[in-house]
Amino acid sequence: MPGNDSNQRCVTFESEQLQSLLDAVQGRGYEVFGPRVRDNTIVLDRLSSITELPIGAGTDQNNARFRLTSRQDQAFFSYTVGAQSWKRYLHEPTLRLWNAQRDDGGFKVDANQSLPPKQAFVGVRPCELNAILALDRVLLHGVAADSAYRSRREKTLIVAVDCGVAGGTCFCTSMGTGPRASSGYDLALTEIIEGDRHYFVARAETELGAEILEGIPHSVPTEAERTAAENVVASAAAHMGRTVDAANIRDLLVRNPSHSRWDQVATRCMTCGNCTMVCPTCFCTTTTDVTDLAGEHAEHCRLWDSCFTLDYSYIHGGAVRSSAKSRFRQWLTHKFGIWFDQFGQSGCVGCGRCITWCPAGIDVTEELAALREGNPPGNCPPIRKETPRGNA
Amino acid sequence: MAIAAEKSQPPLHGESLAPALYRVHSIRRETHDSFTLDVRPQNALNTPAFAPGQFNMVYAYGCGEVPISISGDPADHRRFVHTIRAVGAATTALCGLKKNGTLGVRGPFGSHWPVDESAGSDVVVVAGGIGLAPLRPALYRLLAERQRYGRIVLLYGVRTPGDILFPRELKQWRAQFDLEVHVTVDRATSDWQGRVGVVTTLIRKATFDPNNTVAMVCGPEVMMRFTLLELLSRGVPADGVFLSMERNMKCGVGLCGHCQYGPTFICKDGPVYPYTRIASTFATREI
Amino acid sequence: METLERILAEHPFLHGLARPHLELIVGCATNVRFNPGQFLFHEGEEADRFYVIRHGKVRVELFTPGRGPITIQTVDDGDILGWSWLLAPYQWHFDAQAVELTRAIALDGECLRTKCERDHDLGYEMLKRFAQIMQQRMDATRLQLLDLYGNSR
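Chains as they are written, first to last, in my numbering: chain A, 1 to 392; chain B, 1 to 287; chain C, 1 to 153.
It is worth saying that the hints were derived from the structure and are not from the lab.
Computed from a prediction, not measured in an experiment: that's the story for all the values here.
Nothing false has been slipped in among the hints.
If you only want the chain C side, here are some residues facing chain B, beta carbon under 8 Å, derived: (1) G68; (2) T71; (3) I72; (4) Q73; (5) T74; (6) G78; (7) V99; (8) A140; (9) L143; (10) Q144; (11) L146; (12) D147; (13) L148; (14) Y149.
Every residue gets a Cβ at the ideal spot worked out from N, C-alpha and C, and that includes glycine.
Given only the sequences and the hints, what does the whole structure look like? Please build it.
Rendered as structure tokens:
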């Protein structure tokens, strides 16, 4: 892994300088967002000082369980992810797409978009970084690009932080998305605490990232510091709370729409949609139209949606996926399976949020293992490679 | 890392999710719950070109957008013709529009019937209920270049005689010697002189060469399932059967996720699919 | 001129039937013709024949008090009409009325039943072929019951 960094700018800086880094980012006109402790959990919010970071906070995560814990040290980034993901700042939970105004018997449409400010994400975990890249693939590179997403994404600076601690529901190593940030960031930091010394080994992937590092007091990383950074990540990799056998997982799911396991999980799934709301790659949206009382003004809004609702698959007469089984199957099969057909990659980044936040304690890794049990490889339709049709 | 700003990206349908404004030129009642709207661009002379089988996202002020197939003649660029069944808030609002009323249109979107690809073959068009609407543009094209095709057969099933769409055109088509048209109803009224029975029973009797036939099918999913069985048992090859699928749809351009059908998105990979592409999905329930 | 034998031999219903069996069937066949409005049979009457429709259209109806005749289905060119001749008590369950000028071949039920009893191979062939017609009718009826195009899917 470290070999990849040969052409990257790599520096060491002491933990006190993290504020300088924050200042340098803010000084370039970015609104900074990062993790904070609030309401006994980790949330994402505006950040002006490193003192607002979850200093000394750890997390205890398991099926349907999330607890903050206190660490003995002053680590900034030793928590594992909370319910919120960065998706909310790129693919907003609610968005007004356009307005319509009554006019001369008909109506007019106003679709002027306000330009979003420059934003910087500090503390993006490798799994989350991969989630952002997955959203890029979905929302920017299909038959049409999502212009709202693009305008925000184009102005986003990413400071990733490698994981030194794995959470109880983490499985990024299984999905190949962590615990070290491999690419897609401006800056990536590894936080190291050795006795009394607390420092970061940082690498820049972009010019902007390198420029920021250049502006803060730093040194050239020693061999020992590089090794320490590798050890931090290796320790996280060795302590994953969950694993998934991802080999041929797409075929496994595509081949098994009638597996009895779907019936079992359906007895537990409450179709609440929590998993889709916390998932950093779930991108589905619905639209809703609101008018003022006089009907003079109408707004066409977009909201996050979940494939677990009945409305999601409603066509005149009824919902196509009326059973809990079919909706859970749709979600899991899409996330781990047919996402490959659609976007050439998995839709899961192994962050474990869906396991932590499922009120019924359903564990996707357990469900996938159960589907695989006694299920030898068989024939299934191949992934279709083709150019988009239509719009003729 | 930010992504690079893309400036050279060609404009695509749906790039902007705002609709273009259209005005109702005329509206005609087809059945007790279906209307055909002729709508024309408010700020342009011509509509975008469309291919038979494609659809538009049609916006009713304050009610929302719904996917509606285009039922007019693809050679006519002055108007979009939409045949709409009033089943929800938006479709009811659209059907309630008056002449000169305003509506929004985005599109056209989606795949199309293999009209050009069917040259030299017999073409069997099987429609159920409102499913005739997305097939009518294909029929216009087939008949406009009649000599390019072998036999052309239209099999149309509806619930009752009052549900028959486009009766005047059907009558005209029936009178043509180069087109075999059969209409059947599930429930007859006492004055009905035509066929009674489901549309699938017509497939056995229609005149076409199964080995050299393209079938275009649109109707309720169950109707398409049984139609497919009849076509296959008559010997039409699986890759000669094309089906138009329907799912919930919010954006029309593959971003909202709603219209997923197996590994595909109906809005961009469909609505018209060769059966072979969706065979495994087609057989799965609640997919 | 087309003979009864040739018409029957070429009909898909009897396709592939052994020659001697076909001859036995032809022995029970006669040409018939119905004018528009004329009934082929009425509910409750003795079912003594079935029809191979050559040209025309026939309504199969059920008469209900207050609503009059309800058309269940229509049969036309090439269709087989009637299987009540095959099963006791050999009574028609529906009315059948020609909608337009209809030419058909009528096959005598009693004649056929006797021959089928005597020659079980023929009986088996006939049952197989009628079972298929029945299956098609039942599938079609089930689809009709679904009310495919109604508001609820």
